[in-house]
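S.K.: Letter by letter, the chains look like this.
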Amino acid sequence: MLSFFLRRLAQAVLVMLVVGMGAFSLFRYVGDPVGNMLGQDAAAAQRAQLHADLGLDKPPAVQFLRFLGHAVTGDFGVSLRQGREVSALIAERLPATVELAIVAASIALAVGIPLGVYAALRREHWDARLTMAVSLLGISLPTFLIGIVLIELFSVLLGWFPSYGRGATIQLGPWRTGLLTVDGWRHIALPAFTLAMYQLALLMRLVRAEMLEALQSDYVKFARARGLPDRVVHFGHALRNTLVPVLTISGLQLGSLIAFSIITETVFSWPGMGSLFIQAVQFPDVPVMAAYLCLIALVFVTINLGVDVLYAVVDPRLRVQASVPEARR
Amino acid sequence: MKPGPTARPAGTPGAPARRIGRWRLLLASDLWHAFVHSRVAWLAAAVALLCLGGALFAPWLAPHDPSDLATLDLADSHLPPAWLADGRATYPLGTDDQGRDILSALLYGARISLMVGLSAVALSVLIGVTLGLLAGFAGGVVDAALMRVCDVMLSFPPILIALLIDGVSRAVFPQARDVLAFAVLILALTLTDWVRYARTVRGSTLVERNKEYVQAARLVGVPRWRLLRRHVLPNVLGPVLVLATIQVGQAIVAEATLSYLGVGVPPANPSLGTLIRIGNDFLYAGEWWITLFPGAALVLISMSVNLLGDWLRDALNPRLR
Chain A
1 MLSFFLRRLA
11 QAVLVMLVVG
21 MGAFSLFRYV
31 GDPVGNMLGQ
41 DAAAAQRAQL
51 HADLGLDKPP
61 AVQFLRFLGH
71 AVTGDFGVSL
81 RQGREVSALI
91 AERLPATVEL
101 AIVAASIALA
111 VGIPLGVYAA
121 LRREHWDARL
131 TMAVSLLGIS
141 LPTFLIGIVL
151 IELFSVLLGW
161 FPSYGRGATI
171 QLGPWRTGLL
181 TVDGWRHIAL
191 PAFTLAMYQL
201 ALLMRLVRAE
211 MLEALQSDYV
221 KFARARGLPD
231 RVVHFGHALR
241 NTLVPVLTIS
251 GLQLGSLIAF
261 SIITETVFSW
271 PGMGSLFIQA
281 VQFPDVPVMA
291 AYLCLIALVF
301 VTINLGVDVL
311 YAVVDPRLRV
321 QASVPEARR
Chain B
1 MKPGPTARPA
11 GTPGAPARRI
21 GRWRLLLASD
31 LWHAFVHSRV
41 AWLAAAVALL
51 CLGGALFAPW
61 LAPHDPSDLA
71 TLDLADSHLP
81 PAWLADGRAT
91 YPLGTDDQGR
101 DILSALLYGA
111 RISLMVGLSA
121 VALSVLIGVT
131 LGLLAGFAGG
141 VVDAALMRVC
151 DVMLSFPPIL
161 IALLIDGVSR
171 AVFPQARDVL
181 AFAVLILALT
191 LTDWVRYART
201 VRGSTLVERN
211 KEYVQAARLV
221 GVPRWRLLRR
231 HVLPNVLGPV
241 LVLATIQVGQ
251 AIVAEATLSY
261 LGVGVPPANP
271 SLGTLIRIGN
281 DFLYAGEWWI
291 TLFPGAALVL
301 ISMSVNLLGD
311 WLRDALNPRL
321 R
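Chains A and B, in that order, are what the protein sequence lines are. 1 is the number of the first residue of the first sequence in our numbering; add one for each residue after it. 1 is the number of the first residue of the second sequence in our numbering; add one for each residue after it.
Just so you know, the hints here were simulated from the structure itself, not pulled from any lab data. Since this is a predicted model, take the numbers as computed values, not measurements. A few of these clues could be false.
As the list claims (entries may be wrong) - Derived CB-CB ranges, DEER-like:
#  : chain 1 : residue 1 : chain 2 : residue 2 : range
1  : A       : H51       : B       : L316      : 56 to 66 Å
2  : A       : L136      : B       : G286      : 28 to 38 Å
3  : A       : L17       : B       : R229      : 34 to 44 Å
4  : B       : D86       : A       : D230      : 53 to 63 Å
5  : B       : D86       : A       : P174      : 35 to 45 Å
6  : A       : L17       : B       : V172      : 21 to 31 Å
7  : B       : V172      : A       : A88       : 19 to 29 Å
8  : B       : P234      : A       : E85       : 54 to 64 Å
9  : B       : V172      : A       : E85       : 46 to 56 Å
10 : B       : G203      : A       : Q216      : 24 to 34 Å
11 : A       : T248      : B       : P234      : 32 to 42 Å
For glycine and all other residues, C-beta sits at the position ideal for the given N, C-alpha and C.
So here's chain A without its partners, still in its complex pose (with noise of 0.2 Å):
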């Protein structure tokens, strides 16, 4: 289990080690960091002293080791567009887009696995395929076409929710919450259905696929045949079995929430991580571009781990599977 655990983690590492490697070379060979500080007409002197100050002299492991010094600890920089620390213009968009992400996957999680149940349970009536035949339409819209509907309706035409901004917010330390204003609520409900509608959409067809396995299957025809009442069948026996891989997915599928949030905060101007992470691509911002990379690859290796980790633990044989390999070499 332990070695198991460390060889997991000692590929997590790697992964952050090549991401890393990416986000140096954008940060010392995609345009002139040293130009884009002091601007195209400094002194040569200046210039000179500065590219010193940098270590841009020095071979080019001793400056990917700095960066790594640097970017561990936070710090990216400044940004060539709004001439602030990259670290704070982060830290001051995060809250918007975990909060963001947050409300989607819940919603996802709570409409998604009551609506895949209720199709898998009533599946050769009609109301049960026309909810598959809308899911599937949640799947091939694509992301910034649903806001484009749900903003049409919803704002312009129904008037009942607002289409851009995070609304009222509230400053809890570092941390701005839209989260206890009704304000804030009535302003995150369009982005983050939209958000969630993907995952909605997978969620329920993953879930449906997984009841009708769990209901063909020799405990839930013993249950049946004990003379249990369907509601224990269905959701003490079979739901429950589904619900492992269901909330595998789910964990993974954060990740994707979160890179997805990049075109669902454009559609809205949510003021998150995707928007500024958009506005650097077009500028484009490099410093910017190259600490988002690196937070979202923390993000999707922290969660591949730990889904990858916890699978282990609820599932013996992969443990045995993934030393068999290297038993043999």
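For chain A, the structure is supplied; the task is to place chain B on it using the hints.
M.R.: Frame of chain A, contents of chain B only:
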């Protein structure tokens, strides 16, 4: 029994007689039978062909030329679709803020969307299949290295990688943005997409290379590249066909998303995504047609292609049904 190409004398060039044989083969095949008997497949194919035709023949079908500034008249701007009160029959789907005909812009836009999507998929199939064949056949270090690259790339959402590539290329070539925009866009989509083909092909190659027909060809002394091209390749292409069909839809949506985000095609040649982005600003003025018609076209294209891909997967793989 595999109807392996080994049955024929190697290197016979395709004669016209064989082409007729192939056509007969197609009509008699299971795939054609499944297609004829699937209503969904018919419908999806019809819609996809309609979109393709509309895009291909845009210059002849479109009532106006959206790139010809001389025909634009600001007096015709902000017109609603023809069936609404203020609409005019000359602009069936209405006009945008500069008096451009939405229908024409849409046909030309679909043309660009399809062009970008199809070239990205073609390029990724080429790269992915080649690398997948090599990895599966060579094994060892080549295989391990390639698969690690695939692992890392697949663990990030494609749109993120495409955005990064786009951002980097903007930083590297700050001047030549418009000229290179198409190349960069196709490259970004390709670099995120080839991984799937490489994986699939590698998997099937690992299976095929140990089969008897490959062993036999090897014993006869068929050179390695020829073995790959003539014997292994035709037998691993089935899943690639399915994947490529689905990925055409994905690539078109990805292109639209990038263009919507403002980092896709240059504004001078608007694709469907660009049109949606432009129309977005007029949603609040009640001018929904500028953005929703291109949006509907995008949905129509991607849904029909997706349905075709799903059908193809089921038809080639009856076990999954």
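S.K.: Look at each hint and say if it fits the structure.
M.R.: Going through the hints against the structure:
1. H51/A to L316/B: 56 to 66 Å: Hint holds: Cβ distance 60 Å, inside 56 to 66 Å.
2. L136/A to G286/B: 28 to 38 Å: Hint holds: Cβ distance 31 Å, inside 28 to 38 Å.
3. L17/A to R229/B: 34 to 44 Å: Holds, at about 38 Å.
4. D86/B to D230/A: 53 to 63 Å: This hint holds: roughly 58 Å between Cβ atoms.
5. D86/B to P174/A: 35 to 45 Å: At roughly 53 Å between Cβ atoms, P174/A and D86/B fall outside 35 to 45 Å, so the hint is violated.
6. L17/A to V172/B: 21 to 31 Å: Holds: the Cβ-Cβ distance is about 23 Å, inside 21 to 31 Å.
7. V172/B to A88/A: 19 to 29 Å: 27 Å, holds
8. P234/B to E85/A: 54 to 64 Å: 57 Å, holds
9. V172/B to E85/A: 46 to 56 Å: 25 Å, violated
10. G203/B to Q216/A: 24 to 34 Å: Since G203/B and Q216/A have Cβ atoms about 28 Å apart, the given range 24 to 34 Å holds.
11. T248/A to P234/B: 32 to 42 Å: Cβ of T248/A to Cβ of P234/B: about 37 Å, so the range 32 to 42 Å holds.
Taken one by one, the earlier hints fail for this structure at numbers 5 and 9, listed in ascending order.
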